[in-house]
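Number of protein chains: 2
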Amino acid sequence: MVSQTNPISIRKGWQCLMNWHSEFIANIVNVMLQLKKLGKEDPRRAIHSFKVAFAITLVSSFYYFNSLYHSFGSSAMWAVMTVIVVSEFSVGATLGKGLNRGLATFLAGVLGLGSYYMVHSISRGDHIIEPILLGIIIFLATAGVTYIRFLPQMKARYDYGLLVFILTFCLVSVSSFRDKEILKTAQDRVTTILIGGLISVMVCIFVCPVWAGGDLHNLVSKNIQKLGNFLEGFGDEYFGTLEDGESNKLSMQEYKSVLNSKQVEDNLINFARWEPCHGRFRFQYPWQQYQKIGNLSRQCAYRIDTLNGFLNNFSKTPKEMRSKIQEPCMKMSIETGKALKQLSVSLHKMIPPSAANTHIAASKIAATNLRSMIKTNLLEDYTNLFEVVPIVTVASLLLDVVSSTEKLAESIQELSNLAKFKNKESKVAAQDQKSPHHEEVPQCVITINHLSTNLTHNIGTS
Amino acid sequence: MVSQTNPISIRKGWQCLMNWHSEFIANIVNVMLQLKKLGKEDPRRAIHSFKVAFAITLVSSFYYFNSLYHSFGSSAMWAVMTVIVVSEFSVGATLGKGLNRGLATFLAGVLGLGSYYMVHSISRGDHIIEPILLGIIIFLATAGVTYIRFLPQMKARYDYGLLVFILTFCLVSVSSFRDKEILKTAQDRVTTILIGGLISVMVCIFVCPVWAGGDLHNLVSKNIQKLGNFLEGFGDEYFGTLEDGESNKLSMQEYKSVLNSKQVEDNLINFARWEPCHGRFRFQYPWQQYQKIGNLSRQCAYRIDTLNGFLNNFSKTPKEMRSKIQEPCMKMSIETGKALKQLSVSLHKMIPPSAANTHIAASKIAATNLRSMIKTNLLEDYTNLFEVVPIVTVASLLLDVVSSTEKLAESIQELSNLAKFKNKESKVAAQDQKSPHHEEVPQCVITINHLSTNLTHNIGTS
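Chains A and B supply the protein sequences, listed in that same order.
For what it's worth, the numbering used here labels the leading residue of the first sequence as 1, then goes sequentially.
For what it's worth, the numbering used here labels the leading residue of the second sequence as 1, then goes sequentially.
The hints are simulated quantities; they were obtained by calculation from the structure and are not laboratory data.
Treat the hints with care, since some could be wrong.
Each pair may be met inside one copy or between any two copies, as identical chains are not told apart.
Keeping only pairs whose Cα atoms sit at most 27 Å apart, straight-line, the calculated DSS-like set for lysine-lysine is [as the list claims (entries may be wrong)]: (1) LYS155 with LYS262; (2) LYS331 with LYS12; (3) LYS349 with LYS256; (4) LYS349 with LYS184; (5) LYS155 with LYS36.
Next comes chain A alone, as it looks inside the complex:
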């Protein structure tokens, strides 16, 4: 039975097609807007894309110019490949990958050739024994190196090198079985990989470099600033002292990105350790100390997250009680917030964090006041402890945050000693106290958490 063409079904089909079409257009527009936003958030992303394209175009000229092509032949392909695989966003990541690739290729090439000659001399060219022996060697080497890749210390810094080692070792020892000009091939491969690696490292360092160390430094200081923002705004939000319509909630919620910042920080520390001295960061800069600072910031952030949960619990506490405890609590919160922001400024400017001490001292005085107030007269009129519980908890958590901040200040002082921060700018810092360095942190930092996936997925390929 053949169905007749029904005008209604045609109209329906047309409608479907139009819907699909408009949805498709909407999706494309959406992606375009996202791409535009990515570039606005951090223009270094667009620059990075052009840098990679430039390096590839440069290296592919090997193929176009006769003289260059004739010296390497089709091995020139390895140079193109190396540039594509090695080019990462930051200098540290690129250098790490480049060095891993270069060293691993060299070492595996030598060992692969060695194993081939050994097998060849044992088997005396026997076409049955030779592949069996080669197979056994490849099996053992691959299994061993794959297993070593699970070691955490190898994983963190040399994972890519170990992968390239397996790759080159297999390629050299397998192809040695057929390729009669194996030495020439190996030599060409090492040379072209070195050329590719050099080009991508050069472009990465000399064209608008992105330093993982600088990003790490900015990320850690920005995170501390976010914690400070929360605490500075917390008193007003909790005690409801803001005018109608006014609210700090937006900037206060920024602290949430600190909670899950560990992975990004660890990756940046790994990359930063590959980088040479640059800008304000000297040779063998104590990058590991940032791990300690980051951990303490997160510890503080966990307390703040608990505090955040109490922001809506306020209504139950009676007004008189509130007003009694309000002053020291607000003082404590604001001073701790200022201390954190001052710590962030000092870290960012690389000056000793002494300017934060006055705020820490003030917050400790407020804490002592609060304690003695709680000790003496707070409960004179209240026998109903239940109404007091939320505010007492908040006060207690704030006391906890004050001691976390002290620990954080100590770890930044340690960094200051290790990295020999100098004090000449301390006057400027004191002036900046009122206007935090929000404007000074380059806009890239704003999006550094967004970038987390970029940095963790440092994927290479062939």
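For this one, chain A is given, so just place chain B on it according to the hints.
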């Protein structure tokens, strides 16, 4: 001036050499012990190494057998390369990489050839215009795709594919300039990559497969169990009701690994989405719901971290006060702990989490008791609120944890509805309540946090 050989300096030199030697030996022994520990923690690591070695040995047989070699020639190298680069620890990661690589190679190959023929027909074989046009196309394509890699949704699932796309597009359109048999080369490359990808996917799936989905499932349920362990032990630790020498501290501190579990979970979710249905996980299993459960677990873990900070603050509270509040607090903590452990068991066994409801109800009753106790008679004898602060804070935090647990239970219920968990095992689950599923979670899970770097650094190479 030539210095004479001094017996003392020789002895010193010898001592140095011996020190260096013994240090070297100690280092090697240390690494060996670590390797042994890695294998003990999770034997799947050793199995994975042998699987990779087996796949590589299998694919390298292409080279040894004349007939196979003659049909592909040196392109057989690409198969070896693909196996090495694509073989990842879990099935999901391997499938994701394999599909990305296969599709990207095919697409880029076609587009690369297309762009070459277009350029060739425009330039009509002119040896100056042709490389310039090719260079412009490569520059634009590379810059565009590199920029698209920054899009978070592309980064998460298709980053490797985009990289391979750039690679293949460049290789094909560049080498087309020199290679006269470009079609044959492209065809060989696609075929060998498909063969390599197939071999590694087959070995990964059919030889002791490691499912990212299963790992994710175990990780999330194990994390909830860790939170439960803390809360079950907290009452005894805080109120000091344990015998001398007894302590839960070791198992209680396990919750710390939950704080930074986000990255590992997100990666496992991404991998799990590539996996076909397997075991108890059907097609289109709601993996995204694990993200919600994980986030709620972490929120609970932040509160627990704050509670943990109060474990040493106990001494200040007077004994009588302590004994008054002790019962409901302990009840609340233990019941919440049991509820979390029951939720973990239900999740692990994939049965509806109804068995946890009794514990949640009991913890809520304890919470109501605590509230009314605080409301009425707690402060009769105490005018010094200061002594009461820590314990009131702890009680308040416990109340907060109870409501977090409720939310967590709801999200697991949602998963249960989405994934259609069945209730036939509920009796078994009720029995298991006293003996949590510690023994049942395969030992691999114990080390899953250790593995985090493995999963985040899914590095490939050439």
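Evaluation of the provided hints:
1. For the homomeric pair LYS155 and LYS262, the shortest alpha-carbon distances inside one copy (17 Å) and between copies (19 Å) are both at most 27 Å.
2. Proximity of LYS331 to LYS12 under the C-alpha cut-off of 27 Å is found in neither arrangement, the shortest distances being 67 Å within a copy and 63 Å between copies.
3. For the identical chains of this complex, LYS349 and LYS256 are intra-copy neighbours only, at 24 Å inside a copy versus 33 Å across copies, given an alpha-carbon limit of 27 Å.
4. Neither within a single protomer nor between protomers do LYS349 and LYS184 lie at most 27 Å apart by alpha-carbon distance, with minima of 53 Å and 59 Å respectively.
5. Taking the closest pair of Cα atoms, LYS155 and LYS36 come within 27 Å of each other only across two copies (16 Å); inside a single copy the shortest separation is 35 Å, beyond that limit.
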